[in-house]
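There are 2 protein chains.
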Amino acid sequence: MSDLLESALNPRTVAIIGASENIHKIGGRPIYYMQRAGFSGTIYPVNPTREEVQGLKSYPSLASLPEVPELVLIVVAGEKALEAVEECAATGVKSVVVIASGFGEVDDAGRAVQQRMTDAARATGMRIYGPNTHGLANFGTGVIAGFSTMFIECPPQDGPIAVLSQSGGMSAMVYGLLRQKGLGVRHVHATGNEADVTVSEMAWAVAHDPEIKLILLYLENIANPEMLARTAEYARSRDLPIVAVKAGRCASGQQAASTHTGSMANEDRVVDAFFKKHGIWRVRDPHAQALAAEAYLKGWRPAGNKLVVISNSGASCVMGADAAEDNGLEMAKLSASTQQAVAKSLPGFATTTNPIDITAALLSNSGLFSEVLPCVAQDPAADMFFINIPVAGAGYDVQAFARDTAQFEALTGKPVAVAAWQASVSEPFRQAGVATFENEGDAVGVLGQLAAHTAMLRETITHWPALPTVDIQPGTEQYCDEAQSLALLSRHGVPVVEHVLCHSAEQVRAAFVKLGNNVALKGCSAEVPHKTEHALVTLGINNIDDAVSVFESHMAKLTLLNVKRAAVIVAAMSRGKHELMVGTRFDPVFGPVVLVGAGGKYVEAMKDYAVLLPPFSAEQVERALRGLRLAPMLDGVRGDAPMDVDAFSSIAVAVGKIAMAAGPNIASLDLNPVMVGSIGEGAKVVDALLERQG
Amino acid sequence: MSDLLESALNPRTVAIIGASENIHKIGGRPIYYMQRAGFSGTIYPVNPTREEVQGLKSYPSLASLPEVPELVLIVVAGEKALEAVEECAATGVKSVVVIASGFGEVDDAGRAVQQRMTDAARATGMRIYGPNTHGLANFGTGVIAGFSTMFIECPPQDGPIAVLSQSGGMSAMVYGLLRQKGLGVRHVHATGNEADVTVSEMAWAVAHDPEIKLILLYLENIANPEMLARTAEYARSRDLPIVAVKAGRCASGQQAASTHTGSMANEDRVVDAFFKKHGIWRVRDPHAQALAAEAYLKGWRPAGNKLVVISNSGASCVMGADAAEDNGLEMAKLSASTQQAVAKSLPGFATTTNPIDITAALLSNSGLFSEVLPCVAQDPAADMFFINIPVAGAGYDVQAFARDTAQFEALTGKPVAVAAWQASVSEPFRQAGVATFENEGDAVGVLGQLAAHTAMLRETITHWPALPTVDIQPGTEQYCDEAQSLALLSRHGVPVVEHVLCHSAEQVRAAFVKLGNNVALKGCSAEVPHKTEHALVTLGINNIDDAVSVFESHMAKLTLLNVKRAAVIVAAMSRGKHELMVGTRFDPVFGPVVLVGAGGKYVEAMKDYAVLLPPFSAEQVERALRGLRLAPMLDGVRGDAPMDVDAFSSIAVAVGKIAMAAGPNIASLDLNPVMVGSIGEGAKVVDALLERQG
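Residue numbers (the numbering used here), protein chains in the order written: chain B, 114 to 807; chain L, 114 to 807.
Think of the hints as simulated: they come from the structure by calculation, not from any bench.
For chains that are exact copies, the list does not tell them apart, and a pair is met inside one copy or across any two.
Cross-link-like lysine-lysine pairs, in silico, DSBU-like; alpha carbons within 35 Å at most:
(1) K170 with K193
(2) K138 with K193
(3) K193 with K457
(4) K138 with K457
Please construct the entire structure, taking both the sequences and the accompanying hints into account.
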């Protein structure tokens, strides 16, 4: 275990301020739980009205304890809670858990009180868990500084799973769902308002517990992504998967989150990009976390995404194949010898390609299962197996099917999931240790998750050892003008359109000729960042006199807009075939964020872009593009040549480096459009806009 | 009940060819089931080797029966099955159920035998169910002409649900899932290979059973959409919802379906459009059918899509709000008076806006539930309620919560769904008659389904009383040329771009001037339907000599392509701002199908289009467009004026009428692009291509 948080997860002494004799009260339950869970340290109930609490000597105050406790659980509420925190900090307590609600999640006054708690703790190095929390529970050490009723509903059993949650309710729910499935859980910690300690920090601590094989997180916001990123990196190094729920996915959910744990909204696409980058698998809800837990604990790490579907129902074969496609899996192409072997076992009307339809003949011959499974076990095309049993029970030898399946799983060494909704069918499979689900959607969904999560965790981590020095043209305006923005990109090796900044008709004439008699003219001023909306962009001018008259018209418009420094960019018309874009934003939580996708006027409306967090590789840019709706364009459709994706990806990487080097000095930088030519023709930034620090 | 299929669903006499004493054999089970289900007619076992079967006199042959049975269940296989079918037809039997597999789903030989069965039946008007089926079961009449083991696993109870399925396994599974939930089921019929009677026809029959309140279908293909459409129309007229699974959604699933029941593939987007048009709700699998059944049977038909979320966990409020957005629901905006009333009941730190967070204070005050619920019951903003209880059990008065919720449901008269995963919580709610789900995804998903399905069923059905007469230019080529295609559209009132078909330079010069000195030139020949791929489209020509030289170049290219009749279209350059498209295809199963969506070169690659089945209204076209990715464009983004959607929709309706009138005479007709201007500016077809009957 990491030393961090040791005083909360493995203290020798625990005091409860507000201790109760009643084990159904918040101040009574932790004492009951700790005694039941075999906590080997000392429990100090603090309650001035009693001599004894639950058979333990009770003390009137913190000051009256025989020693300074390492961990103090504060059950009192409101102003008293603040006083207790301050007293604990002053006394040298190492950690406090504050249960009471009514602080940062309510209003400014509450936030102020909560801040005073944080300040008091910070002054002495004490750590705070909460307020507004169900508390902590470590079934490895028996330290239960929490009151969840769920530990009565579902009796604890130590095991390889850690549950870390901002919400107490969700920590209890995930714990309960896991216990219901018979899985052991060691850590169940809720951080509530996170006045100090966050879920990320707790994840770091429990990731260092060598017994932990799976970490489940419930988050409503990500306050310190660096810590979570560091945890994820460490977890990956020891093959410890992390599966997270990040609630508040949509606008109304985010609003609800802000009144629940006082969470700030994170932009959801950025959250997705963050999880993806760090190999954290995101699921929708605690049910999905519990659903996949057994499969993770089996240590399954599929080598690929090829699935074999086997069923005794043709319809379930069809739906299994549909479910595979829904979940990003492909149907494995079985070898001819496998198919021959399968065909020998099955009746003539059965299907021996994948999916394999054992047919209802299983009813009259229970041996079909044991005959067919070994035929496919060693087929190299198969990465995973799904056995769908929608109908069985009376008349079927289900015990034999379950035994055969368990043997098959041992034989193949690859993931094997079963779907069966009848208890009479699923129970024998579960007892045989086979991962068994209610329906094909759940079963194939978990297999798909394992395949994709494994692939994600095996991705090479990109490092950028050296970052450029980024000099942003100084200025008081919010934006750099287009010429300045293009110049900055050009200095960093990004190919930009050939252009000349013109202040006079004479310069325009010279530029027109120099740029090949086919140009675009664009009004250029830091004060008018959105040129199009002022009709300051004119394309495809191929007559020199037209160029001059457009120049004059643009200059006149800029004058009308009261612009101080007006000029016009004359740019060569670009030959690129496709308009893409690269953008970067500085996110207050996640730092620089890069967008790549379809360019043009309608980027925001069409939303065909992907979010990348630097550092990232050119390959990752390409993979991101291949996940977009524009993906078919990359390879060329309707007679187009394939696009020069490499050239575009290099630009995106360069922008990522600029963004990371500049940090908050660049609020945003948009390259739109980036004209991308056919393969070998390169890519070129045609327009750019840099926004200075906000 | 409709008279159709009466001889199979309600016969007075049933014979079983291949009857067995053993109730675990396929020939024994139906007799056992019918006797147990109280069938009041006569059962005739046919088995030459026995005197008696299951206490009934057995007959050596069909010919030896004292009367011609109405329904015959044929349990024998292979060639014997064919002989039995032929004998039944010859004898005057009205319906036969053929259980055996190994016919149309296997190979050409099997298909031939199956066809002989069909021919024999058609010759005398006998109906066939199957082959390759689990058979029929009507628990209303006790006629169980099937062998599913599921009727042993889950004892039958007559009720308001009908299950109709191509797959026997799926009919059994849906039946079992419904019975597991305590719901009664009357009809469970499987049609297998559908040599004659289809699921659609059975649906028509059971829709006329007045006791039936919900029809569930499992389909692998839709063979006779007219019958299903007619059934859906009738069902809608008596407020009888239909929920369907159509498996084989993706390529590998469709392939699997063809080997299961010998199904032909339907294009999945067309299937979706068909269901949508006819008010049939499509779900993924039988679990989803069973999940929503109770809610349908409650008769809930939500007036709108506004949801109120109530929970004792803040996190569950957040996830409830997320789930609402996932499922197309909006959070209802509660009135000020509702919020005040809620606030009076709850602690200060609770949230009284929607979602309503009762908070963990529920643990200490079980009355909060009964205090809060009535406050929101009458809020007019609410269409539906969702109560999420992720944590309760020991210490909570769950019985009271359940009672309060049932009273609340009666009081509000609107849908109320509960999510609770702990059996100790969900059971009391279920016993109180409250629709209770495992998790918020399921609960809110079902509410969203009800809201959307109700809205679908309330849509006005479009009728086109008069269709135009469509005269397609006669010709031997597969395609009409562009000029002919545009002319056809123009004759039907569709606005097309101003253009002149030119055969000489002189004509081009005249056209250039006539069309305003800014034109496009396009090679025009029925033999070169895809002009762009031959560089036969030149846009934006604003010089008369350029026009002539482009004309000559296009004519030369056409000559090189060995075109018999070459010409060039000179067309005015269109001013429309957005490129949309309308297309129609003649689908061999569904007839004319209309596509509307984003136009341009990349229609197939970008797939931003919707499928409509005629007849449809202009409003339906607009609604379809609003479901596309291009939707934001319709209202204007980045300073654009809104598009003239009405003008576009009128074109789509006109094309729908042309397609419906022409039927298979038009294989396809593509209007791409249709240039759509700002509101009031209209829309114009710029290019069109008509494909004659294939």
